[in-house]
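**Q** Chains as they are written, first to last, in my numbering: chain A, 119 to 483; chain B, 1238 to 1426.
Worth flagging that the hints you see were computed from the coordinates, not collected in a lab.
These numbers come from a predicted model, not from an experiment.
Check each hint, because a few of them may be wrong.
[Said to hold, decoys possible] One side of the interface only, derived from the structure: several residues of chain B facing chain A at Cβ under 8 Å: (1) 1252; (2) 1259; (3) 1362; (4) 1365; (5) 1369.
Note that beta-carbon positions come from the ideal geometry of N, C-alpha and C, so glycine has one too.
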Amino acid sequence: MIIYDFLYNLVYSLFQSALVSNIVAMTICAALPLIFVLTFVLWAVLAERKVSAWMQDRVGPNRTGPHGILQTVADLIKLLQKEDIVASENDRPLFNIAPVLVFSGSYVVFAVLPFSFAFIGSNIDLGLIFLVAASGFVVPGILMAGWSSNNKYSLLGAMRSAAQIVSYEIPTLLVLVTIIMITGTTNLRTLSEMQTGYFWNWMIFGGPGLSAAKFLFIPFMFIGFIILYISTLAEVNRTPFDIPEAESELVSGFHTEYSGMKFAMFFLSEYANMFAVSALVSAVFLGGYQSPFGYIGNLIHVTWLVPIEQFFWFAFKGVFFVLVQMWLRWTLPRLRVDQLMALCWKYLIPIAFVNLIIVGLITVL
Amino acid sequence: MKEYFQNVWYGLFTVFVGMKVTFKHLFVPSVTIQYPDVNIKLPERERNRLYVNMDDCIGCDQCSRACPVSCISIETVKSIPGEDLGKTSNGKKKALWVTKFDIDIAKCCFCQLCVFPCPTECIYMTDVFEYSEYERNSLVYNFVTLSPAEIAQKKSNFAKLEAEKAAQKAAAAAAPPPVKPAAKTEDKP
């Protein structure tokens, strides 16, 4: 895509070597989502604490820097300089690899997110399936963390988490299959391109074009959106589904025994995951990087502004859904593990199935 | 079947009701008091650090005896006759020199039991609560107003008085008892 080509040509004109330009362009392209994730986490940790404080009629961090802006920096420095404790009974290889797996699972998803027309980490034709499959990396990571902690609470947390993530993958996949049926593509970039124009072309309003099918889809798209949002919320272990890391029940669940940088990895991966699933929901249903009402760049004929605007819209939608996730955290009490399973298997899956069947019928007719 | 759909509707609806409540609370001003930039108003009769007004203290030892943790230690010395120690705010004359009045505020349990027995209301609880120190010994407060030299002087005065009295007693005991006048037999008129 555009940024890759641009960088490739730039380096080629300097070095005249295909290999070097390829390496440099790929490295920079791979590092861009990382920079984005780190900046996002820097903001998100503070936002979570501030938003939760305002919702609870208190102030939140306001001593570290004006309005607590440097709070995440302070947290990061604190975590970096902590002692890395590995208890004697812990299974060392598993203990050490678990945070790596969890973070990789959360981060690799960013390779297929359509940040803007000019930049997508990797334009895989199976983007959606890759996303769901790769985010399954966290399951063995969490199980390893819980098992090697040699701690019954961590183990309980890890088992519940594995059950939760695996069962909530099913409604996610069902809703995504519904979308695939309508649009006929799994490539996230093409999906976002299809929702071009104005907000009524978004999938949640039935998709592009103006056919009778579009209007018939709308209620099912709304149902699908809600199911997808709830099940991705459960996939990232976020309240009300945060049984694995339930603060008041299992100390810290599967990441109790971790300190310092390894805990920072879990922390980082939780926030990266939050953004990744919010971005997925917005890419699939709400138009990805498309703006709801045209582009200012197009209006004033400054065409290079358009990809920047698209990136802004993408970040805006992702951040909006992250804020809704934070909002839900302080609204709802935690679900018990049996209620969690009942919700998935008895409510979300049947409704997603029925949704799938009806949408399938509509597409055929 | 109907219950199933009712459950679904109920679940979604209540989630949105909850979200509305939380959203409203986003705009409620926070109730946090930004201590230490803002001072908290303490209630009227709250009990914090003790203070002793030594001008009024008559050295009666009632507060020290009332204290459940024995954090007050008082030593007094009698004054020699003719000395003027001044008056308490009630107008009564003081008779004892207080040579040691230490309160170990680290031990104090803030029960206020020392305040009530004081006849002159010289010991009372103030509203000071920010008095941390680096050394534990700095938390033993000394309230006497006499300098060590004066304390030594008062003690030696008293010791001298005692010595004189003891000497007088010894002298009285050693000297022969005074002769009783013989019982006069008087003729009855």
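**Q** Against this structure, judge whether each hint is valid.
**A** Results of checking the hints against the structure:
no. : hint : result
1   : 1252 : holds, 7 Å
2   : 1259 : holds, 5 Å
3   : 1362 : violated, 31 Å
4   : 1365 : violated, 25 Å
5   : 1369 : violated, 20 Å
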